[in-house]
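Since chain A is already given, all that's left is putting chain B on it; use the hints.
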Amino acid sequence: MTTTHAEPRPAATATQTEPAVRIRGLVKRYGGRAVVDDLDLDVSRGEVFALLGPNGAGKTTTIEILEGVRRRDGGEVRVLGVDPASGGRDWRARIGVVSQGEGAAQALTVHETLDHFAGYHARPRPTAELIAAVGLEEKAGTRVGRLSGGQRRRLEVALGVQGRPELVFLDEPTTGMDPVARRQFWELIRALRADGTTVLLTTHYLDEAAELADRVGVVAEGRLVEVAPPDELGAELRRAATVRWIEDGVTRQVRTEAPGAVLRDLLAARVSGDLPGLSVTRPSLEDVYLSLVGTPSTAPAAPEGDLR
Amino acid sequence: MTAVLPATTPRPAPPSAARIALRRVRLELRLFFRERQQVVFSFAYPVIMLVIFAAVLGGDERPGDVPFTHYFLAGIAATGIMLTSFQAIGTAIAAERENGQLERLQLLGTPPAAYFAGKAGQVLVTTAAQLALLLPLAHFAYDVPMPADLAHWLTFGWVAVLGALAGTVLGVAVSALRGSAASITTGISAFAIVLQFFSGVFFGFLELPGWMQQVAAIFPLKWLTQGMRSAFLPDEAAAFEIAGSWEHGRTALVLAAWVIIGAVVCVRTFRWRRADG
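Going down the list, the sequences are from chains A and B. For the first sequence, my numbering assigns the number 56 to the initial residue and increments by one for each residue that follows. For the second sequence, my numbering assigns the number 228 to the initial residue and increments by one for each residue that follows.
If we strip away everything but chain A, and leave its shape as in the complex, we get (with noise of 0.2 Å):
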């Protein structure tokens, strides 16, 4: 008889092996009408997990209720098992956020905003690895009020970081990046992983989502409606592939969960094997997006709460 021993791990203490974020039917009414309403979530220490949602969803409401700077209707929320809406100073210093405004004055450069806020952590990183991380090196020496808006957000979010946060919040962090900016920030993003740093970030960006998240919440009218890795986001969607060909010079098109089945049987039926314009397509990620939120067309229409 073999017996297997649990190696006793010395460090793993509640604080250690719980969730970093652990939402339990999270509850916020704006007059009246649920922005988010009986939300659950969990988020593991180490993970990057991505809010995806349209406009409106709940997202940003339910971030700021982690961060503790708004307060929630309902519901159990521990963030670094600590109830936000009561963290302290410490806790604080444990978290990092990139909210969607634009906490620096205009008139410092971004070299004396970073050399700043240094002094608010006990261990801040080094201002000038913060802005070689996120691309501002020849920006160091201009205002805040003279950069682009992509260039602020990348303030923002070395700002965030500055700190060393075990949890980091990003708002939309991207938003107004070019390009390059956005593959710089993923590239930090990727380093902070990489450090063992927990990181929950809301994002309107598909591509980004399943660039960076080891899984993906989707967000509607206030609710998760579904949480996955982002190759398996909305499996039973994507199961459905459409085969479509070119008869008598029409485009025909089946949608099937068997293509294979459909494939053979309309090669079976031609005589010469060959099938012009034959494509077998599964959805993307943004038609699985789309359909789990409810399509435009499809949605029902947002009441517009207290406003006339």
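Honestly, the hints are just simulated from the structure, not real lab data. Cβ coordinates follow ideal geometry from the N, Cα and C atoms, glycine included. If a hint is listed, it holds; no wrong ones were tucked in.
Computed spacing ranges between beta-carbons, pair by pair:
#	chain 1	residue 1	chain 2	residue 2	range
1	B	376	A	170	44 to 50 Å
2	A	88	B	476	53 to 59 Å
3	B	417	A	339	57 to 63 Å
4	B	384	A	82	55 to 61 Å
5	A	130	B	245	34 to 40 Å
6	A	203	B	388	40 to 46 Å
Here is chain B on its own, set in the frame of chain A:
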């Protein structure tokens, strides 16, 4: 980015509030002197007004044979203190809240005390610098006598400090008013201008209509101005004050009361962000 310490390494405590406060003071001063508008409107304003009014009304006299410039220096010094404290702080905080700078501080876990200390340090330095510019100008260019002796300098000192303190806490308090930063700035500027007329900065306080005097007596600027007169004008001029004396006790009481009221309002209303939804 190069590899860093693993995230599980025990984390040292964040820097103390005092250290952040020092950084904030340096930052606030740097920002203040980089904002041209602020430098002109709250810092250079008293100096410019002294030059203008001395050029126009320099030959006039105020009750008690006091030359206009002597009377005016007290008023404009008091105004200067109000501007570098109340106006500068109120408008700056409203703007910083609106453009997300306070949000950043909140997310960093900045102790509010460190933030306020930065503002207080800014007020201290800019007020001192402004007076250090204004007083010699008045003395050497317009022959205005400085406080006669140590006792008068001490009066000048406590009046200035209490006034700046009241202005700072009231500035923080009004920054919490609802509305955009632009509307708060306009409101504060308009209020400050009207208050200057009511408080006897431009005209002799005795020449003002009674209702104006009574309104002014509610606010700190009138007492700040009167306290400054007691430091700069000869003792005989006290006969031309409303009470026939400098009313030092009441001045200290009113200013201290505003400091306390302002501090209580600050603690109860200060927010890092605009109203939560």
